[in-house]
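Peer 1: Work out the full structure: start from the sequences and follow the hints.
Numbering (our numbering), first residue to last: 1 to 580.
Simulated from the structure, these hints should not be mistaken for lab results. Remember, predicted model here, so these are calculated numbers, not experimental data. Glycine residues also receive a C-beta, built at the ideal position from the N, C-alpha and C atoms. Errors might be hidden in some of the hints.
Said to hold, decoys possible - Taking lysine to any residue and the SDA-like style, the derived pairs with C-alpha atoms no more than 25 Å apart in a straight line are:
1) Lys175 x Thr2
2) Lys550 x Glu89
3) Lys300 x Ala323
What the hints assert, rightly or not - Pairwise CB distance ranges, derived in the manner of DEER restraints:
4) Leu308 x Val545: 33 to 43 Å
5) Ala48 x Gly12: 43 to 53 Å
6) His320 x Glu73: 52 to 62 Å
7) Gly69 x Glu422: 48 to 58 Å
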Amino acid sequence: MTGIRLTAPAPGWSIDADVVVVGSGVAGLTTALRCAAAGLATVVVTKARLDDGSTRWAQGGIAAALGEGDTPEQHLDDTLVAGAGLCDEAAVRMLVTEGPDAVRRLIGTGAQFDTTESGDIALTREGGHHRRRIAHAGGDATGAEISRALVEAVREAALHTVENALVLDLLTDAKGRTAGVTLHVMGEGQHDGVGAVHAPAVVLATGGMGQVFSATTNPAVSTGDGVALALRAGAEVSDLEFVQFHPTVLFLGAGSEGQQPLVSEAVRGEGAHLVDAAGTRFMLGQHELAELAPRDIVAKAITRRMELLGTEHMYLDARHFGAEMWEQRFPTILAACRAHGIDPVTEPVPVAPAAHYASGGIRTDLRGRTTVPGLYACGEVACTGVHGANRLASNSLLEGLVFAERIAADIVEDRPRAGAAETGDGGEPSPLIAPEARSTIQRIMTRGAGVLRSAESLAAAAEELEALHNSAASAVETDEPKVAVPGVEAWEATNLLLVSRVLVAAARQREETRGCHWREDRPERDDENWRRHLVVRLTPERRPVLCRTKTQAFGLVHPTQAPDCAAAPPTHPADVTEEP
Numbered sequence: 001m002t003g004i005r006l007t008a009p010a011p012g013w014s015i016d017a018d019v020v021v022v023g024s025g026v027a028g029l030t031t032a033l034r035c036a037a038a039g040l041a042t043v044v045v046t047k048a049r050l051d052d053g054s055t056r057w058a059q060g061g062i063a064a065a066l067g068e069g070d071t072p073e074q075h076l077d078d079t080l081v082a083g084a085g086l087c088d089e090a091a092v093r094m095l096v097t098e099g100p101d102a103v104r105r106l107i108g109t110g111a112q113f114d115t116t117e118s119g120d121i122a123l124t125r126e127g128g129h130h131r132r133r134i135a136h137a138g139g140d141a142t143g144a145e146i147s148r149a150l151v152e153a154v155r156e157a158a159l160h161t162v163e164n165a166l167v168l169d170l171l172t173d174a175k176g177r178t179a180g181v182t183l184h185v186m187g188e189g190q191h192d193g194v195g196a197v198h199a200p201a202v203v204l205a206t207g208g209m210g211q212v213f214s215a216t217t218n219p220a221v222s223t224g225d226g227v228a229l230a231l232r233a234g235a236e237v238s239d240l241e242f243v244q245f246h247p248t249v250l251f252l253g254a255g256s257e258g259q260q261p262l263v264s265e266a267v268r269g270e271g272a273h274l275v276d277a278a279g280t281r282f283m284l285g286q287h288e289l290a291e292l293a294p295r296d297i298v299a300k301a302i303t304r305r306m307e308l309l310g311t312e313h314m315y316l317d318a319r320h321f322g323a324e325m326w327e328q329r330f331p332t333i334l335a336a337c338r339a340h341g342i343d344p345v346t347e348p349v350p351v352a353p354a355a356h357y358a359s360g361g362i363r364t365d366l367r368g369r370t371t372v373p374g375l376y377a378c379g380e381v382a383c384t385g386v387h388g389a390n391r392l393a394s395n396s397l398l399e400g401l402v403f404a405e406r407i408a409a410d411i412v413e414d415r416p417r418a419g420a421a422e423t424g425d426g427g428e429p430s431p432l433i434a435p436e437a438r439s440t441i442q443r444i445m446t447r448g449a450g451v452l453r454s455a456e457s458l459a460a461a462a463e464e465l466e467a468l469h470n471s472a473a474s475a476v477e478t479d480e481p482k483v484a485v486p487g488v489e490a491w492e493a494t495n496l497l498l499v500s501r502v503l504v505a506a507a508r509q510r511e512e513t514r515g516c517h518w519r520e521d522r523p524e525r526d527d528e529n530w531r532r533h534l535v536v537r538l539t540p541e542r543r544p545v546l547c548r549t550k551t552q553a554f555g556l557v558h559p560t561q562a563p564d565c566a567a568a569p570p571t572h573p574a575d576v577t578e579e580p
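Peer 2: As structure tokens, this is what we get:
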């Protein structure tokens, strides 16, 4: 344990449970439903409303070998190719093998997928897939339908839920085992202010961290809270440098910030073309799958074309779909485009890459266990080894579903018990970052660690982020009046800064281009030196410690096992310590 925690008032109320699930997307609610069905007292904590997480925004669908002629082995092959040599094959094989039945159980829960005239599940293609294996709902509203079904099931099961609650820190007992979480409920209700849920099993399903960048497809709640909590608790995170930038996000103009409308890869799967202003299809010849190449390849091609032509966006041309197909297959995207003055039926859609998905996260084994006993992670917040250096399209919902079931099974089998949560100081609180620093962090990250990265840009980002970190620490030490006051916005900004510092440190260490990590100064993939995972822990002094594994094997087979790391000299000792 690091002894680090957020500066916050002491809990004023508490709940006792067997398991607390933090997050209400497909990963969190599936875990909660399975645990509750087994008789465990289960509490769901979510940052906004139950259906306000990233799952509801998923457009394309959920990937699984459900179609005639498709097999888990083919799904595995496509996933390994997209992951650029860093996928854990055992994790991927488990995902694609257990995936089809997990989707069928989701349907049994109440999710209604689009079907063909014969009644079979309708399947489409997305980038990196050689077969139609993407099940979708409502045309392009798959996540909304999955969220609806799971939320209804949670309410029917009368699970104890705490909405509008920001998780703060992990509670542990005297032996360092998980004993629950502290959280802050925003607004009046049954609970208000800072409290605690005491439970021997904690499942983090808090989603992504897209808000570390200025433009993202992630909702405003995606501020990296789960990863930051895990780091403070002493858990390992891995591969945080691999942030996937979705190639086709609706371009709203230079300087647009916050959540941006996604134009699903399924639009390209149905035959839309990427073109420049002259109408040239620039993906032809770039990859055998052209517009349906893996996302990192498409995002790089768009960025290169924008640089070559000196423009801020490219276009997605699907005028040949016609009005009927747009209205029936992609009603959500059509409405979003028209709301911004663009009609895809009659004109190409301006698109540009934006931060979309974190392939890395809290390091887990095949049962979702982290390196802290009793702490689990699932969904985008986790790094299971499935995605490697680049997530294959629509594998995310499937990963959340499959690992949620595995986590629930492990908790039910283990029936964990914890001692009393330690409520003493336990260490020095982490200095809070002022809320107004949020936009500064986002601009630093977009400029220095976005789609295009280099030693120079990353060094500049590291220096600026370190200055923010040191300024907050100095303000506390000197008792300056500008010390940030505990509150949701300050806690979120503090989480964003911590996650950003670790991401940049890892990106500086990885001196190659692989998957969605693109180094302009190191344009080639270097398997000899870098077909490895970067594992990060936080020291009690709040500094990231990086460790490079000896092989591409993910290596975490039990939460008490340390990573099998090779000795390597620290590249940037001012920012990070690298341990043998």
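Peer 1: Would you mind confirming whether the straight-line C-alpha gap from Lys550 to Glu89 stays at or under 25 Å?
Peer 2: Roughly 16 Å between the alpha carbons, so the hint for Lys550 and Glu89 holds.
Peer 1: Are the Cα atoms of Lys175 and Thr2 separated by 25 Å or less?
Peer 2: Given that 25 Å is the threshold and the Cα spacing comes to 14 Å, the pair holds.
Peer 1: In this structure, is the beta-carbon distance linking Leu308 and Val545 contained in 33 to 43 Å?
Peer 2: Given a distance of about 40 Å, which is inside 33 to 43 Å, the answer is holds.
Peer 1: Against the range 43 to 53 Å, how does the distance between the Cβ atoms of Ala48 and Gly12 compare: consistent or not?
Peer 2: 22 Å, violated
Peer 1: Given a hint of 52 to 62 Å, does the C-beta separation of His320 and Glu73 actually sit inside it?
Peer 2: Violated, since His320 and Glu73 (Cβ atoms, about 34 Å apart) do not stay within the stated range.
Peer 1: Within 48 to 58 Å: is that where the Cβ-Cβ distance between Gly69 and Glu422 falls?
Peer 2: 56 Å, holds
Peer 1: Is the straight-line distance between the alpha-carbon of Lys300 and that of Ala323 25 Å or less?
Peer 2: Cα-Cα ~31 Å, so violated.
In summary, the structure is inconsistent with hints 3, 5 and 6 from the numbered list given earlier, while agreeing with the others.
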